[in-house]
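Novice: Below, each chain spelled out in residue letters.
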Amino acid sequence: MTVLAVDGERGLALCEAADGSKESVETALVDAVAKGDSVLVHARVALVRLDPSTADCRLPTADLSGAKPR
Amino acid sequence: MRFVDEFRDAELGRVLAAEILAAVEPGRHYKFMEVCGGHTHSIYKYGVDDLLPANVELVHGPGCPVCVIPMGRVDDGIAIAHEPGVIFTCFGDMMRVPGADGSLLEAKAAGADIRMVYSPLDALRVAKANPDREVVFFAIGFETTAPSTALTLKRARAEGVSNFSCVCNHVTIVPPLRALLESPDLRLDGFIGPGHVSTVVGARPFEFIPSDYGKPVVIAGFEPLDILHAIRMILAQVAEGRCQVENQYKRVVPWEGNLRALEVMAEVFELRPHFEWRGLGFISQSGLKLTDAYAELDAERRFSVPGIRVADPKACQCGEVLKGVIKPWECKVFGTACTPERPIGTCMVSSEGACAAYYNFGRFAREREVV
Chain A
20 MTVLAVDGER GLALCEAADG SKESVETALV DAVAKGDSVL VHARVALVRL DPSTADCRLP
80 TADLSGAKPR
Chain B
176 MRFVDEFRDA ELGRVLAAEI LAAVEPGRHY KFMEVCGGHT HSIYKYGVDD LLPANVELVH
236 GPGCPVCVIP MGRVDDGIAI AHEPGVIFTC FGDMMRVPGA DGSLLEAKAA GADIRMVYSP
296 LDALRVAKAN PDREVVFFAI GFETTAPSTA LTLKRARAEG VSNFSCVCNH VTIVPPLRAL
356 LESPDLRLDG FIGPGHVSTV VGARPFEFIP SDYGKPVVIA GFEPLDILHA IRMILAQVAE
416 GRCQVENQYK RVVPWEGNLR ALEVMAEVFE LRPHFEWRGL GFISQSGLKL TDAYAELDAE
476 RRFSVPGIRV ADPKACQCGE VLKGVIKPWE CKVFGTACTP ERPIGTCMVS SEGACAAYYN
536 FGRFAREREV V
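These protein sequence lines map, in sequence, to chains A and B.
If you're matching positions, the first sequence starts at 20 in my numbering and goes up one per residue.
If you're matching positions, the second sequence starts at 176 in my numbering and goes up one per residue.
Isolated chain B, as found in the complex (with noise of 0.2 Å):
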């Protein structure tokens, strides 16, 4: 296929490995954040991580969505979705997600109508064939969704939807990258920007890193060539004294994002004071709400929830794996009683999620081999 194929050639990541090696100056340890969650499922599939040599690492970031909602927003959802007459949608990953009492699944096979669906159109559509029911749309995502939900509220608006509303979990990526360069647990050499995200909000929004943190970035897509060179051009950064937002993945990310969507998102979104993320805690003006001229759309208006902040597990890290802290096989559940078949933590569910992605492809454990 056009624009992905070109970008799994074996030989040429073999050169850019090479590439790599060379750039690596011997005894120092280079530690690289892939913020994004389709990053760390491409480098674990694509096995991007074996060509890199033993000084490289990566440290996988809080860019997965499903991964960063707390239990207690699953609570919330739960109770909506047992509201009599309300069907409830979300995303299939969204479905596994466990709260305080059990999962969006186990509410379902209780005798709630919860239904997966790709889309908040498709939800809206749901609406618009079920005009005696409440329809309600568990929206969670980065940028990368919010203007599909923002799309689907106008929609609904313009054609008069009363039955439409949404619980908006939307956040935003730039504020927990600082809360985590903000944090003493971590020492990063640079970023491996997400691709996705700034498809709409451009590559503008993380000049803060290189001019405040001093520390390079370099947007990349999700191919695994795309990866390498990104760590490439990271190298070449460090090496060159240089600190700066690069672009890796041109062939899709503007430098100024998607204006349409992200005009869009602000038609309909406002920033929240503060939003609970899970395992980093409330981060100010993270989460994205219903602007009041869409109030009638929005779920926590419209019904009851407990609102209830709720602690993780005692035996899941998925907050240290979120932060980059710790390796998901160093969790002490991780592959025994967290599995992506029972997952305790957020990072077991998603395919995006780190815990996830090692343990779907293999990686156990373990040192890596020296290359």
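Extracted from the complex, chain A is given alone in its bound form (with noise of 0.2 Å):
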């Protein structure tokens, strides 16, 4: 889910799925998030902040020797 909007004082963000629902998330297990991050959702609590930053975000194929590099 995609975070909208954050209330860090009651630990919660308003994310959007995306089907574009919406849904208010607590955010206690997790490191801080803003608006725009990507969050895994389970239950109404988000247990993962994704990073798209970091490699691990890469495609799987990037290390396949038959695929074109996106």
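Simulated from the structure, these hints should not be mistaken for laboratory data.
Wrong hints could be hidden among the right ones.
Label-pair distances were calculated between CB atoms; the ranges are [stated by the list, open to error]:
(1) A:G55 <-> B:K303: 44 to 50 Å
(2) B:K489 <-> A:A51: 52 to 58 Å
(3) B:K507 <-> A:S40: 38 to 44 Å
(4) A:A36 <-> B:N305: 27 to 33 Å
(5) A:A36 <-> B:K489: 39 to 45 Å
(6) A:G55 <-> B:A333: 26 to 32 Å
(7) A:A51 <-> B:A468: 26 to 32 Å
Output of the computed footprint for chain B on chain A, the stretches with three or more beta carbons under 8 Å from beta carbons of chain B [unchecked claim]:
(8) 44-53
(9) 60-69
The model shown is predicted, which means the values in this text are computed figures rather than measured ones.
Using N, Cα and C, we set each Cβ at its ideal position, and we do this for glycine too.
Got two chains here, each in a separate frame; can you build the complex from them with the hints?
Specialist: So, in structure tokens, the structure goes:
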């Protein structure tokens, strides 16, 4: 889900899913989130904050011999 | 959507499928278990199975949270739901799981106040809105869902919400895997490790699989390219004679897991000496219960529950399906007496159940065509 707004005081973030639905998510179990972050949410609790800047987020096919780089 | 669309690229899927085909040894049969019900769902939703060579077989493990709940626990939930003044809350899938004498949905139809929630936090909200009623949450799930329950219970205690309690059916993933590996029924060549559970527990807990049983494990994401990539990584380990835990789902799964989530779970839960799994029987130290510090929020201590073990219906072969011993379509009642509309077994209830995945995506049977 994508973070739309953060309520740091209450440890909540308003998040939007791929289908456009929105929900309030607990952020107590992840590092501080900011607007625009992607988070993995389970049962209204954020379990992971995804970091697109790390190499770990590259496509799994980047190391395939036959695949074109993207 | 970022982190999703790029993992559904059909062209790259074909590249991966070709690499898998090139990696398999002709004449050798490979049997890999995907542990997580989410993987089972994706495999059939996206037709991943059809992209694999005929000698690569995927078997489906016990990682669907709803599927492993035994009938006796459903009956315990129904007994609490019928207590006067109780509002009973649970996830939607759970409502349709059959107990010995009907499901929670049928109990609701008979007059019990049973409500579907998306999160235990929603159940806590119901409790705060209904201070004169007892609100009970029927908690199910592996380590993915347990942190949410733990956080809710911590909050309930901190806020002094005295009319809230929880029936804890949370389970842990490692003990059933060990039980499966000890089973003489099943010969496996490797595991597609559970992506979501691993976000919480990390990769380390699976190291016993290569070290004690000599099987490779690749923790995988849930998009079709993730699963194909994981299969290719397992095949590479097999071909190179390596045997280790690898993490294909690095964009989500940290090797050490989510330490905050593990901490909150350790504060609220402790292991039960043993817990019954549907089809797998009693497995030592595989279920969680509330610690004494949270005893006042434990519905099993607050209410009287039957606690009776109930045998599965004779016609139902969920146990064999959960152990990967048979395919869903090999069950006698699959698609006839047992359908998603009228399930007999749990595997037909949840979208993550192997039987429901086969049924909903038209995999009624039979041998796969050779790619």
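Novice: If a hint holds in the structure, say so; if it doesn't, say that too.
Specialist: Consistency of the hints with the structure:
1. A:G55 <-> B:K303: 44 to 50 Å: violated (32 Å)
2. B:K489 <-> A:A51: 52 to 58 Å: Because 54 Å falls inside the window, the suggested range holds.
3. B:K507 <-> A:S40: 38 to 44 Å: holds (40 Å)
4. A:A36 <-> B:N305: 27 to 33 Å: Once the Cβ atoms are compared, 28 Å apart, the range 27 to 33 Å for B:N305 and A:A36 holds.
5. A:A36 <-> B:K489: 39 to 45 Å: holds (42 Å)
6. A:G55 <-> B:A333: 26 to 32 Å: 31 Å Cβ-Cβ, so the 26 to 32 Å window holds.
7. A:A51 <-> B:A468: 26 to 32 Å: holds (28 Å)
8. 44-53: With 4 residues close enough to chain B, the hint holds.
9. 60-69: holds (count 7)
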